[in-house]
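The residues making up each chain are set out below.
There are 4 protein chains.
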Amino acid sequence: MVKEAIQYIRENYRTRKVDADPGFGLGQMSGARFIGKDGRSNAQRVGVPIWERIDIFHSLINMSWTKFLTIVMVGYLVVNFLFACIYWLIGADAMAGIEQVEGFSWFADAYFFSAQTLTTVGYGRISPVGFASSSVAAFESLLGLLGFAVFTGLLYGRFSKPNSKLIYSPSALIAPYREITAFMLQVANPKMNELIEIEAMMIVSMFDKKQNKRIYATVSLERDKILFLSFSWTIVHPIDENSPLVGLTVADMPEADPEFMVIIKAFDETRSQHIFWRTSYKYPEIVWGAKFLPMSLTINEKGQSLYDISKLGSYTEAKLPY
Amino acid sequence: MVKEAIQYIRENYRTRKVDADPGFGLGQMSGARFIGKDGRSNAQRVGVPIWERIDIFHSLINMSWTKFLTIVMVGYLVVNFLFACIYWLIGADAMAGIEQVEGFSWFADAYFFSAQTLTTVGYGRISPVGFASSSVAAFESLLGLLGFAVFTGLLYGRFSKPNSKLIYSPSALIAPYREITAFMLQVANPKMNELIEIEAMMIVSMFDKKQNKRIYATVSLERDKILFLSFSWTIVHPIDENSPLVGLTVADMPEADPEFMVIIKAFDETRSQHIFWRTSYKYPEIVWGAKFLPMSLTINEKGQSLYDISKLGSYTEAKLPY
Amino acid sequence: MVKEAIQYIRENYRTRKVDADPGFGLGQMSGARFIGKDGRSNAQRVGVPIWERIDIFHSLINMSWTKFLTIVMVGYLVVNFLFACIYWLIGADAMAGIEQVEGFSWFADAYFFSAQTLTTVGYGRISPVGFASSSVAAFESLLGLLGFAVFTGLLYGRFSKPNSKLIYSPSALIAPYREITAFMLQVANPKMNELIEIEAMMIVSMFDKKQNKRIYATVSLERDKILFLSFSWTIVHPIDENSPLVGLTVADMPEADPEFMVIIKAFDETRSQHIFWRTSYKYPEIVWGAKFLPMSLTINEKGQSLYDISKLGSYTEAKLPY
Amino acid sequence: MVKEAIQYIRENYRTRKVDADPGFGLGQMSGARFIGKDGRSNAQRVGVPIWERIDIFHSLINMSWTKFLTIVMVGYLVVNFLFACIYWLIGADAMAGIEQVEGFSWFADAYFFSAQTLTTVGYGRISPVGFASSSVAAFESLLGLLGFAVFTGLLYGRFSKPNSKLIYSPSALIAPYREITAFMLQVANPKMNELIEIEAMMIVSMFDKKQNKRIYATVSLERDKILFLSFSWTIVHPIDENSPLVGLTVADMPEADPEFMVIIKAFDETRSQHIFWRTSYKYPEIVWGAKFLPMSLTINEKGQSLYDISKLGSYTEAKLPY
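Protein chains in written order, with this note's numbering: chain H, 1 to 322; chain P, 1 to 322; chain A, 1 to 322; chain C, 1 to 322.
These are computed hints drawn from the structure, not numbers from a lab. It is possible that some hints are incorrect.
[As the list claims (entries may be wrong)] On the chain H side, residues computed to face chain C include the following (Cβ under 10 Å):
{"id": "1", "residue": "33"}
{"id": "2", "residue": "54"}
{"id": "3", "residue": "129"}
{"id": "4", "residue": "145"}
{"id": "5", "residue": "269"}
{"id": "6", "residue": "273"}
By construction, the Cβ of each residue, glycine as well, lies at the ideal position given by its N, Cα and C atoms.
Please put together the full structure from these sequences, using the hints given.
Written as structure tokens, this is what we have:
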């Protein structure tokens, strides 16, 4: 039956009933996951030089903390080293407060003077005398202010950026739904920050053997927006006559190799900004003939409703209508 | 008649006419207030470890000023203490300007030197000499810059975050409205900042004895958006044939135990960001057979219209049509 | 004919065809302008204590530069004075580098030491000795960092906030429009920054003698959104059968005393944020029987289209269809 | 046939079927490009004084790095010079630590003391003594904090602002599309940052010989929004019976001199803000009778789909249906 379903998309794509081509270009693709479980796209762009592809701000905001702090530390050491060399070249006569003007000791003094200038701590035990070293020091303190503006800004940007990771049900289900079936998954927010106006979108991609390429369709959801995500949200795509999945059976899975891509958008109240998440489900994570267990809340002594997020996605067997 | 109303929601939920399940999961809940008067949800998520639940930025932005400033002070004292210990271990020989190299006095000097380094004030009466103490001081001043970047950023974030508290009418009314009745409440903005494009949404939750669980429905409003909130806004849910409340009487209140959750969204012109408020009304705050008094404005000598916000929610008795 | 028009609004208000009550509460109002030419509302809220009404961030961002800088200067002087008093009380023995320990000279030294600590400049000619003065100085430098975080943040916030002032046509016109008439005004952006996705909304308020109160209606526009505002935009409200103004003549103006409130929203590309403007037109600024002159562009040697903004709102007499 | 097409727009403009006048004012314009390939508008506004036209923040954020850093450097040098003059006027007696009180050497000391104060580095080898110089220094360090707040804020603003440049197909095509033809172009994002919810709008402008002016119309797109831009997006305007281009042939190009203006909007996930791009296509860049080659992806050893962006816009000849 996979052929009929795919035929359906193809026909509808021509007649514009199905909303195909969502930025994927309808190109050839392997059966590999297009969007990883963690939301990263497996798409790579080549053919442009690295300096047109790179986005330094993006990299510095999204790299690991280890990498970021290493860059800050190494940068600090290197810039101090470069200025230390300049002070060393100008000579110890241009510095007041140097005790030993020879060898490593004097270079170390130049180095730490540089650090004291760059951070504007400026103890003054060592201080520049004369035009040359004073000019360099005046420039270095300006550079320190400008450079730390960027790095402390980035640090705060990293610290304040949304770190919410949604929790998804490990499996998506093909569950009975009214008289028909539906594709269902569950999401929850483990974080204590409030998510508001949560929206979901779903795109399904299937392999079309005849055309020897992957095809794509945005599918409709029972609800595509909720006001807030207090506990969990069951996202439901009813497999009705308008669904590209209509007629598909579990036996068609290996051939069609469907990927359900889920995009979720919410407003983070604390940060006053929109956040997006992405994930995907492929065949082995899709359970046919099951339904999610109803959410079980317990009430504590303060009258609060407790929801055990570790039970998200628990399901039980359920007979499909056909 | 509560049964009919609840039956209505249940039926409509199946036929998708009523917009149920707004993120509440349709789970069992006590009769406790779901959203507090101050907008806090009573939902708690358990079953995830604390480090996955915590959102440090959210906590530091939303905690009380007392707590935040205590954290800053204690952190400052502790970090200085730790660095003082390091300088103390390196020894007084590595510091210029120390007068007494023994006992408490030398530790205090190390401590205050640390504070002068961390804040980059760097008087220089005491200053590091030699590789070990200079290196530690160079690192400490870097740490000071990075650390204060986060905390001064948080301080400004806390200072500039929206602090608008909407004022709600103490009671919501079941009032006569055209030929039928309507659920009405009033809101006003006591602050001098301008709120623009105010939107309201309302969710009603009632207890369904038969199913032994709470059910939820988003209800329609006469107006769900106004352009600005100059004086007050009366939010009106007409109890027409599409309302889940149709047919409910005051006698049904204890059994149905309805909670009216109100979500309001506005654009804060000064901060260029959206703000959300939430509140709720439960039975004792809902007055049957009353109407709000018309807003009374007085004109002052400058021609300005004065609105007395303390009169918000004043009402008088009114006969309901049935 | 004013009665018919007002009757129309009143009827439509009841039958919900006209979109009344846009946050004004339908209360009694004087004939004074509700929104000033500069967009300030003449609404004032009373009946709440000042500390619930004030929004410090809003005040500090929107006050004049003179006032803001005065607050910064006076605050700086006062905080330094307070700390100077503390150092003075602790005594000159607790300070190294004091030359004259008596009278004004020592107080001045304490004062400038305080300034050097608060700004973290820390020359160190004067420096704290001993526990008491060192502790105060350590606290003052922390306070300086935190305090300047707020004030330099505010300074940048003020500097970067949108300063676009739209230019409006001095007069609005009742102009011939197809077979009927229309209310028209023009806006332009004199600034070099690009405004995108400009939206306009219009509310008309008229005095209803019978009810002895002002009534309000949001009116429809020929276009309510344009993609960008390169030259000028003529905002047009067609006075068709759905307009509350239908049937009104120039003779009705004094009695109806209409106020046309215009709200404009745009996205400022440079600041990545939405901006709102408001203005209003009252009778003497509304010209009956005129039309705007077509926009005249000149092309310069670089092929650029030059638009003379000083001609915005130029109009000529035009016969109305009735 | 150009006349028919233009007649169509004119008629529809009157009957409001075509969405004309998108902020261009329908004025006379040369055949010059209205929006450059790089998205800059060729519109210039004159007739307002420079101080009402300038937007300092906009200028400082968008100027070249060379210009910005030159302004910072020159500003730093000039401010230090001015303060050096003040210290010089007050005299060397008011400074501790001056060795040579005559000539250039003393002025240089005053100059570098100023730099050390402005940046708050404050070594203290030279330090103010007495009321006059101490007051000026206290004021200068305050000024330094405030001034650097603005410039380091601007620096971070420049560093973090979106730098995405979309890549457009060099040519737009008039391609066969179902039974009719369509205007097509392609866009891709060469940067590694993720663009979400990409929207496109298209405005066509043509010269109307009869009226001797340019006319404008917003045209419909097959899709005007995609969820994300993984590879490339083919933006398609079907030339159906509602298109103002219907009936136009390649022979009409010189006379009609059409300009296709494309506005693209997306949400930049890293920066949590909307970005806008603009470009345009004029006749020589519009190829009649061609179609884009299908996007060719290669799969690398990690299973990633590689898309060669340098092939964007590759096309082959294609016979048009008429």
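Now for the hints, and whether the structure bears them out:
Contact between residue 33(H) and chain C, as hinted, is supported at the beta carbon level, the nearest pair being about 8 Å apart and thus within 10 Å. Hint on residue 54(H) holds. Least Cβ distance to chain C is approximately 7 Å, under the 10 Å limit. Interface restraint check for residue 129(H): the shortest CB-CB distance to chain C comes to about 8 Å, inside 10 Å, so the restraint holds. With a least beta-carbon distance of about 5 Å to chain C, the hint placing residue 145(H) at the interface is held under the 10 Å criterion.
The interface hint given for residue 269(H) is broken, as the beta carbon of that residue sits about 14 Å from the closest beta carbon of chain C, more than 10 Å. About 4 Å separates the beta-carbon of residue 273(H) from the nearest beta-carbon of chain C, less than 10 Å, and the hint is met.
The structure fails to meet hint 5 from the earlier list, while all remaining hints are met.
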